[in-house]
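Number of protein chains: 2
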Amino acid sequence: MKTAVLGTGTVGRTIAPRLAELGHIVTVGTRDPEATLARTEPDAMGNAPFGAWAAESPGITLAGFADAAAGADLIVNATNGGASLDVLAQAGAENLDGTIILDIANPLDFSKGMPPTLLVKDTDSLGEQIQRSYPQTRVVKSLNTLNADLMAHPDRISDPGTLFVSGNDTDAKDTVTALLKEFGHRDVIDLGDITTARGTEMLLPVWLRLWGALGTPDFNFKIVR
Amino acid sequence: MKTAVLGTGTVGRTIAPRLAELGHIVTVGTRDPEATLARTEPDAMGNAPFGAWAAESPGITLAGFADAAAGADLIVNATNGGASLDVLAQAGAENLDGTIILDIANPLDFSKGMPPTLLVKDTDSLGEQIQRSYPQTRVVKSLNTLNADLMAHPDRISDPGTLFVSGNDTDAKDTVTALLKEFGHRDVIDLGDITTARGTEMLLPVWLRLWGALGTPDFNFKIVR
Numbered sequence: 002m003k004t005a006v007l008g009t010g011t012v013g014r015t016i017a018p019r020l021a022e023l024g025h026i027v028t029v030g031t032r033d034p035e036a037t038l039a040r041t042e043p044d045a046m047g048n049a050p051f052g053a054w055a056a057e058s059p060g061i062t063l064a065g066f067a068d069a070a071a072g073a074d075l076i077v078n079a080t081n082g083g084a085s086l087d088v089l090a091q092a093g094a095e096n097l098d099g100t101i102i103l104d105i106a107n108p109l110d111f112s113k114g115m116p117p118t119l120l121v122k123d124t125d126s127l128g129e130q131i132q133r134s135y136p137q138t139r140v141v142k143s144l145n146t147l148n149a150d151l152m153a154h155p156d157r158i159s160d161p162g163t164l165f166v167s168g169n170d171t172d173a174k175d176t177v178t179a180l181l182k183e184f185g186h187r188d189v190i191d192l193g194d195i196t197t198a199r200g201t202e203m204l205l206p207v208w209l210r211l212w213g214a215l216g217t218p219d220f221n222f223k224i225v226r
Numbered sequence: 002m003k004t005a006v007l008g009t010g011t012v013g014r015t016i017a018p019r020l021a022e023l024g025h026i027v028t029v030g031t032r033d034p035e036a037t038l039a040r041t042e043p044d045a046m047g048n049a050p051f052g053a054w055a056a057e058s059p060g061i062t063l064a065g066f067a068d069a070a071a072g073a074d075l076i077v078n079a080t081n082g083g084a085s086l087d088v089l090a091q092a093g094a095e096n097l098d099g100t101i102i103l104d105i106a107n108p109l110d111f112s113k114g115m116p117p118t119l120l121v122k123d124t125d126s127l128g129e130q131i132q133r134s135y136p137q138t139r140v141v142k143s144l145n146t147l148n149a150d151l152m153a154h155p156d157r158i159s160d161p162g163t164l165f166v167s168g169n170d171t172d173a174k175d176t177v178t179a180l181l182k183e184f185g186h187r188d189v190i191d192l193g194d195i196t197t198a199r200g201t202e203m204l205l206p207v208w209l210r211l212w213g214a215l216g217t218p219d220f221n222f223k224i225v226r
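In order, the protein sequences belong to chains A and B.
All letters in the first sequence, in the order written, are residues 2 to 226 by this note's numbering.
All letters in the second sequence, in the order written, are residues 2 to 226 by this note's numbering.
FYI, nobody ran anything at the bench for these hints, they're computed from the structure.
If a hint is listed, it holds; no wrong ones were tucked in.
The list cannot tell twin chains apart, which means a pair is met if one copy fits it or any two copies do.
Listed next, the in silico SDA-like pairs over lysine to any residue satisfying Cα-Cα at most 20 Å (straight line):
| no. | residue 1 | residue 2 |
| --- | --- | --- |
| 1 | 182 | 225 |
| 2 | 113 | 196 |
| 3 | 3 | 172 |
| 4 | 182 | 2 |
| 5 | 3 | 63 |
| 6 | 182 | 170 |
| 7 | 3 | 137 |
| 8 | 182 | 157 |
Isolated chain A (complex conformation) (with noise of 0.2 Å):
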């Protein structure tokens, strides 16, 4: 598929490469691409410099949010969930109609101090502010409840656990869910459409407390039935 990954943070330099790893055209989406190419300090997470990063990702390509989303089939939201819409603002409604959005961002608020709280809950979710946003695009949240290393290698523990799809379009869901196959992901759960997204946006306040009691982000959701 032709991809475009929003976003040069950690989830989307895990993403990309292994979209790239699997046949698929990655385009990855920034703000502005010389700006980011430029730097040559490593960002606020201890991340390298992109233009650095990019050079050892082959098959990786950056343009702006529009020239990225141009064409895409699937655009996969691996923003900072409080910036999202503004990004996809940003790529254009012309540019986004008819594709897919896996929507893999939480819309997490750090202003208050840590642990974040939720920007949105119970009562909405960032995957349907993007849907009601660009109604002709597809939103399928999922991806949002794991680590970005066990979103693109789930091998890395012996039971990857469980998966969810929101959303509103059998269709869409049917190709998020063979391209988290692809990844590696074997039990993938469609739980309804876009408003369970608040279901799954919900469990980020549990998942970051077991990161604390575990010492360790390599754990995911499965469940037993």
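For this one, chain A is given, so just place chain B on it according to the hints.
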């Protein structure tokens, strides 16, 4: 242990006989024991009248909330989450002080239709509200993340999954964890202090959607790692 189970609904009626079966002394607490025993019709959830049920449940005594709580080593809050603080007030601080309160309720709000939303979330939890209201008790939040039948009989599914405990007192969490293992649970994760109950209470929205997607409440979360 001398235990009290507050609440005569499905959850109380599942936990109480399991405690009795395991050799614990059990008193079920209700608002008005005479009125509870006088009922001859099924309740709103379709449960048999309490008296008919109790007659078939050896070892279960019914008492008012205060009498049930008095002298108990461990009190199980098996009431509707929206009514829990009112019920505990009826039990009386003098009867609660010094005990462990095992809070298995969820603060669900059914007033806005289905699925229910949460009365508090993310910045507070029912577990914290109880701990703040009764600082002389030791509140442990647990068991609120699965169906009543699986709480008491985890062997209904081949892998019973994971339970979580949240609380400020390590001894109280150890007592509860030992009790959960008597029930048949195997994997119990100590998430930390009672504020971590925010995480497990916020599991309910995805639990409700999983129930819809799977068509059965016989499932549980397992943390694979």
